[in-house]
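Line order of the protein sequences matches chains A and B. Under the working numbering, the first residue of the first sequence carries the number 1, and numbering increases by one thereafter. Under the working numbering, the first residue of the second sequence carries the number 1, and numbering increases by one thereafter.
These are calculated hints, taken from the structure and not from any lab test. A virtual CB, placed ideally from N, CA and C, is assigned to each residue, including glycine. Incorrect hints may appear among the rest.
[Unchecked claim] Here are a few chain B residues that sit away from chain A, every Cβ distance over 10 Å (derived from the structure): (1) 32; (2) 107; (3) 111; (4) 157; (5) 164.
[To be verified] Part of the chain B face toward chain A, derived, beta carbon under 8 Å: (6) 1; (7) 3; (8) 18; (9) 20; (10) 46; (11) 48; (12) 49; (13) 50; (14) 57; (15) 60; (16) 65; (17) 66; (18) 69.
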Amino acid sequence: MGGPNREDDATVDLELIARWQGGDQRAASEIVERHAQALARFAASHGVRDVVDELVQDTFVRAFNSLESFRADSSLRTWLFTILKRLMLDRRRSERRASNRVALEEDHAVQEFNALDGMVADEALVRVQQAVARLSPLQREVFTLRVSEGLPYVDIARIVESTEGACRVHYHNAMRAVKEYLNDD
Amino acid sequence: MTDCPNGVMRDQLPGYVHGLLSAAEVSIVDAHLEGCEDCRAEVALLGKARVALSLGVPRIDVASVVSVLPAPPVTLRRAPHSTSRRLAVAGAWKYAAAAALVLAVGSSALWHRARGTTDQHVADSSSVVVPETTAAVLPAQSEDGITFGGGLSDLSLDDLQSLLGQLDSVKTLPSTNPESMTPIISLKEGGKSL
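Just chain A, with the same shape it has in the complex (with noise of 0.2 Å):
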């Protein structure tokens, strides 16, 4: 893929970053408000829901402190995309440390994941909720990525750390999965 509007929203990043390092912080205000929801949305799709506006805040705060590193061989989303899924990574392991307890597991997601959504959502997009929860994590991640944000898979292979291939292959099961979910009703 890597449609016109692709390549326009990164110039656009672009744009700002340059912008803000020459010292307009609006800039910052504009780079937030293009990618935070996005963030939100894959963070939430991890079931930490809780924590989400911390991890996205803390996202961009490590993203603006290293902005200079940022090569733009991938988008400037990719890459929080990245930051992100390494501290949610990194809060998985400290949680684990420090309550000494087994990490979410798929199950306790699907019930977290229903028992917020359930309230406001209609019976159809809660079952798609469901279907989407029961994948396996790495499933989620793609499917989320490939769905919610329509990135290639290229970028998706950058963040969840595999190969562009294996992703395609992740995005196809998931996607089967879920029809067959779907069918069971």
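Given chain A's structure and the hints, the job is docking chain B onto it.
Then chain B, alone, in the frame of chain A:
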């Protein structure tokens, strides 16, 4: 709901839903969708899943995120006026260096002057012999008739005016091949040559 066997086309569908495809790609997908019920169902599912994944996600407060971000790096650089200040500092150093040089040259000159006086005193106790050949090189009167010897303070006003009048006829350029001068000086102390 089944899967379309056209995997390449199915890979395009998320980008199609997000409006990320080029116009040419969109028309290809549109043409495929007209005859493919599986892909039409998948496009509908993608739209639904996109909404479902956004539900319950907290709205991020942009202002609070921005408030904890580091300041832009440019604020850590020098203020614009600091360039002229830097130049002023550099100028001050130049003046200081020039003053130090003048002091050094001046002190050196004073020191040599004082030493010359001392040497003169030393010379009084010895004798400086200038060979006649060397002495002959220094004429008492130049070709232009200007007489050397004595100080200007010894001259009267008329003499000075006359001297100034004669300066007009002085050759300003030195000879291109000056005669070689090798002063031979021997100091004698206690009757012995050094």
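Here is what the structure says about each hint:
{"no.": "1", "hint": "32", "verdict": "16 Å, holds"}
{"no.": "2", "hint": "107", "verdict": "52 Å, holds"}
{"no.": "3", "hint": "111", "verdict": "57 Å, holds"}
{"no.": "4", "hint": "157", "verdict": "75 Å, holds"}
{"no.": "5", "hint": "164", "verdict": "69 Å, holds"}
{"no.": "6", "hint": "1", "verdict": "5 Å, holds"}
{"no.": "7", "hint": "3", "verdict": "6 Å, holds"}
{"no.": "8", "hint": "18", "verdict": "3 Å, holds"}
{"no.": "9", "hint": "20", "verdict": "5 Å, holds"}
{"no.": "10", "hint": "46", "verdict": "6 Å, holds"}
{"no.": "11", "hint": "48", "verdict": "5 Å, holds"}
{"no.": "12", "hint": "49", "verdict": "5 Å, holds"}
{"no.": "13", "hint": "50", "verdict": "6 Å, holds"}
{"no.": "14", "hint": "57", "verdict": "4 Å, holds"}
{"no.": "15", "hint": "60", "verdict": "4 Å, holds"}
{"no.": "16", "hint": "65", "verdict": "5 Å, holds"}
{"no.": "17", "hint": "66", "verdict": "5 Å, holds"}
{"no.": "18", "hint": "69", "verdict": "5 Å, holds"}
Checked against the numbered hints listed earlier, the structure breaks none of them; every hint is satisfied.
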